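Visitor: This is what each chain is made of:
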Amino acid sequence: MTGRFLLGLFLATSSLTWANDNAAKAVDSSVSFHGFGTLGLTRTDNDNAEFVRDLSQPTGAGKSWTAKIDSLLGIQANIDFSQNTEAVVQVVSRFHADGSRDPELTWAFLRHDFTPDFSLRAGRLGTEFYMLGDSRLVGYSNLALRPPPDFYGSLVFSYIDGLDVSTTLPVANGLLRGKLFAGLSPEETPFGPGTRWDQKGSLLVGGYLDFLSGAWQVRLSHAQVRFNHEAPIDAYLRQLGDPLGGTPYLWLVPEMAMLDRWARFSSLGLVYDQGPLNIQFMLNQIKQDSPAYADSKAGYIQAAYRFGSVTPYLGISRSLTSHEALPSSIPPDFVVDNVITPSLVAQSFLDQQTYTLGGRWDIHKNMALKAQVDWIRGTPTSVFLVKNPKPAWDGDMTVFSLALDFVF
Amino acid sequence: MRPFFTLPLLLLALLSYAAPAIAEPVIVVNARSSVTQLSQDEVVNIFLGRYRRFPGGGAATPIDQPEGTPLRAEFYRKLVNKDLDQINAYWSRLIFSGKTSPPRSAENTAEVLRLLSANPGGIAYIERNLLDSRFRIVMELR
Numbered sequence: 010m011t012g013r014f015l016l017g018l019f020l021a022t023s024s025l026t027w028a029n030d031n032a033a034k035a036v037d038s039s040v041s042f043h044g045f046g047t048l049g050l051t052r053t054d055n056d057n058a059e060f061v062r063d064l065s066q067p068t069g070a071g072k073s074w075t076a077k078i079d080s081l082l083g084i085q086a087n088i089d090f091s092q093n094t095e096a097v098v099q100v101v102s103r104f105h106a107d108g109s110r111d112p113e114l115t116w117a118f119l120r121h122d123f124t125p126d127f128s129l130r131a132g133r134l135g136t137e138f139y140m141l142g143d144s145r146l147v148g149y150s151n152l153a154l155r156p157p158p159d160f161y162g163s164l165v166f167s168y169i170d171g172l173d174v175s176t177t178l179p180v181a182n183g184l185l186r187g188k189l190f191a192g193l194s195p196e197e198t199p200f201g202p203g204t205r206w207d208q209k210g211s212l213l214v215g216g217y218l219d220f221l222s223g224a225w226q227v228r229l230s231h232a233q234v235r236f237n238h239e240a241p242i243d244a245y246l247r248q249l250g251d252p253l254g255g256t257p258y259l260w261l262v263p264e265m266a267m268l269d270r271w272a273r274f275s276s277l278g279l280v281y282d283q284g285p286l287n288i289q290f291m292l293n294q295i296k297q298d299s300p301a302y303a304d305s306k307a308g309y310i311q312a313a314y315r316f317g318s319v320t321p322y323l324g325i326s327r328s329l330t331s332h333e334a335l336p337s338s339i340p341p342d343f344v345v346d347n348v349i350t351p352s353l354v355a356q357s358f359l360d361q362q363t364y365t366l367g368g369r370w371d372i373h374k375n376m377a378l379k380a381q382v383d384w385i386r387g388t389p390t391s392v393f394l395v396k397n398p399k400p401a402w403d404g405d406m407t408v409f410s411l412a413l414d415f416v417f
Numbered sequence: 006m007r008p009f010f011t012l013p014l015l016l017l018a019l020l021s022y023a024a025p026a027i028a029e030p031v032i033v034v035n036a037r038s039s040v041t042q043l044s045q046d047e048v049v050n051i052f053l054g055r056y057r058r059f060p061g062g063g064a065a066t067p068i069d070q071p072e073g074t075p076l077r078a079e080f081y082r083k084l085v086n087k088d089l090d091q092i093n094a095y096w097s098r099l100i101f102s103g104k105t106s107p108p109r110s111a112e113n114t115a116e117v118l119r120l121l122s123a124n125p126g127g128i129a130y131i132e133r134n135l136l137d138s139r140f141r142i143v144m145e146l147r
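These protein sequence lines are chains A and B, in that order. Our numbering puts the first residue of the first sequence at 10, with every later residue one more than the last. Our numbering puts the first residue of the second sequence at 6, with every later residue one more than the last.
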């Protein structure tokens with residue numbers, strides 16, 4: 010509701026300001042428009058599961074080429090009220106949770122720089138759980154075709170309605186930068202086929218510490234989410250033939266609740282960026298208070314070297330979940346404890362690595378063409394980051410992708 | 006006989022004309038500023054928007070040469086060994102995540118000098134032959 014209202018407000022003000030801008034360009038440059046986008050094509054070598062960019066996509070790519078995985082368009086307006094105060098509004102159209110490409114208001118905030126190194130932003134803000142996490146839709150700003158799904162794929166929170174503060178301090182030949190954020194999610198997440206998990210009102214808090222020195226950047230970050238709604242397990246079970254005959258699942262296994270439970274995301278990021286050479290190394294750990302989702306660890310390393318306008322890159326990523334004892338139903342029920350609960354938790358299992366080879370070609374100013382192949386090698390139980398796995402799914406998949414990224 | 010003289014002269018003229026294209030940018034501040042010297046890291050921090058303060062604490066306002074000028078390409082190549090595509094990709098990340106803005110891009114070289122002389126916290130890179138008493142060199146790129 011707030012999103013619709015803000016979007017309407019944006020469209021109304023943008024058409025006005027656009028007209029104003031053209032009329033007053035010579036005297037007033039306080040409003041500027043920018044955009045970014047990707048035209049992408051993706052296919053895989055098998056139909057036993059569908060490949061998605063991240064878990065915000067309800068369905069994915071199979072053996073025929075599809076544009077829905079990476080194609081998107083974003084438009085942004087920056088409005089300068091003074092040298093230190095700015096408003097930013099961004100709308101993105103991409104294939105997302107409800108299966109549509111309806112535009113989403115991804116950013117809408119007011120920023121004030123109290124000093125050149127202390128800023129406050131309030132409004133709708135992109136989340137930055139991991140390094141580079143708040144620009145993962147801007148293909149042109151990234152070397153690889155898409156952020157490694159092993160690492161970023163389970164991140165379904167793109168933005169919050171809240172605030173953040175950031176500050177920078179010079180220390181020992183480098184810069185120490187910190188940010189804290191807090192807010193409520195306005196989003197929803199695909200849960201099972203045709204069912205979505207409402208995340209509205211989920212509390213997100215977090216922050217990071219960066220150290221930058223020369224070509225190096227190191228980041229430690231932590232973020233956590235408190236879920237504000239139960240996952241739609243009953244709706245999901247009804248689709249599977251209603252094995253509980255209408256009895257709410259959480260009556261039987263209350264321990265599997267998500268409401269008011271936390272998920273905690275910790276990560277370490279390291280970037281070495283020296284002239285033509287760029288190396289990224291990141292590790293993360295996700296801990297779930299609820300046993301409904303398995304805890305996980307992931308990491309990736311990516312190296313790229315620029316030769317003229319062409320930048321080949323390669324990467325390896327890995328994701329793995331740990332398996333804990335499952336909660337029992339009260340009173341004990343054989344089918345619930347041995348079939349239903351294990352199969353619900355098993356949906357979040359991961360044990361896979363991905364080998365990536367690709368190239369970026371800067372064909373024109375503000376335009377890059379990319380081609381990438383990902384070889385996913387996993388166990389048959391590794392299903393969290395794919396959609397609709399069939400019994401024949403063996404964990405292996407090769408993904409072919411092409412993309413044209415641009416900014417304007 | 007004449008063409009034999011004019012051809013080398015013409016070549017010489019062309020060479021000397023081409024020379025400014027590989028000019029060495031010098032980094033200058035407004036002469037009213039108290040800043041006398043900056044390290045390469047400090048210049049990187051200011052121009053890439055990581056930390057826009059001078060060592061004494063004053064706010065630093067970087068000014069870019071116009072887009073598409075050889076001096077701009079040369080400056081970033083010498084400063085961080087990156088070409089302008091890489092610099093554009095860097096700024097697109099920051100612009101679309103609502104962070105720092107890139108340096109103000111001047112319309113032409115004369116505007117660089119005008120903006121710098123009007124702003125005590127300004128910092129720019131210019132060709133050495135444009136140096137005058139309004140500006141002070143704080144770093145040279147080799």
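Hints listed in this document are in silico derivations from the structure and should not be mistaken for laboratory results. Predicted, not measured: the structure shown is a model, and the values here were computed from it. All C-beta atoms in this analysis are idealised placements derived from N, C-alpha and C, irrespective of residue type, glycine included. Take the hints with a grain of salt, since some may be wrong.
[What the hints assert, rightly or not] Derived DSSO-like pairs (lysine-lysine); straight-line CA-CA distance at most 27 Å:
#1 374(A) with 77(A)
#2 77(A) with 83(B)
#3 188(A) with 72(A)
#4 209(A) with 104(B)
#5 83(B) with 374(A)
#6 374(A) with 104(B)
#7 72(A) with 399(A)
#8 296(A) with 306(A)
#9 306(A) with 399(A)
#10 104(B) with 188(A)
#11 104(B) with 87(B)
[Claimed, not checked] Residues from chain A that keep clear of chain B, each with C-beta distances beyond 12 Å, as calculated:
#12 57
#13 124
#14 189
#15 229
#16 255
#17 263
#18 275
#19 285
#20 334
[What the hints assert, rightly or not] Footprint (simulated), chain B over chain A, 3 or more residues, beta carbon under 8 Å:
#21 126–135
#22 362–375
#23 402–409
Visitor: Quick check for students: does the CB of residue 229(A) sit more than 12 Å from each CB in chain B?
Guide: Non-interface label on residue 229(A) holds, nearest chain B Cβ at 18 Å vs cutoff 12 Å.
Visitor: Checking a non-interface call: every C-beta of chain B should be farther than 12 Å from the C-beta of residue 255(A). Is that right?
Guide: About 46 Å separates residue 255(A) from the closest Cβ of chain B, which puts it past 12 Å; holds.
Visitor: Hint check: residue 209(A) vs residue 104(B), CA-CA at most 27 Å. Holds or violated?
Guide: Holds, because 26 Å separates the two Cα atoms, which is no more than 27 Å.
Visitor: With the threshold set at 27 Å, check whether the alpha-carbon distance from residue 374(A) to residue 104(B) stays at or below it.
Guide: holds (22 Å)
Visitor: Hey, residue 72(A) versus residue 399(A), does the alpha-carbon distance stay inside 27 Å?
Guide: holds (14 Å)
Visitor: Given the hint that residue 374(A) pairs with residue 77(A), test it: the Cα-Cα distance must not exceed 27 Å.
Guide: holds (25 Å)
Visitor: Starting from residue 104(B), check that the Cα of residue 87(B) is at most 27 Å away, please.
Guide: holds (21 Å)
Visitor: Can we trust that residue 189(A) is non-interface, i.e. its beta-carbon lies farther than 12 Å from all of chain B?
Guide: holds (15 Å)
Visitor: At a Cβ distance under 8 Å, does chain B reach at least three residues of the segment 126–135 of chain A?
Guide: holds (count 4)
Visitor: Evaluate the condition: distance from the CB of residue 285(A) to the nearest CB of chain B exceeds 12 Å.
Guide: violated (7 Å)
Visitor: Far enough from chain B: is every CB of that chain over 12 Å from the CB of residue 275(A)?
Guide: Nearest chain B Cβ is 21 Å from residue 275(A), so the label holds.
Visitor: Check whether the Cα positions of residue 296(A) and residue 306(A) lie no farther apart than 27 Å.
Guide: holds (9 Å)
In summary, the numbered hints that this structure violates are 2, 3, 13, 19 and 23.
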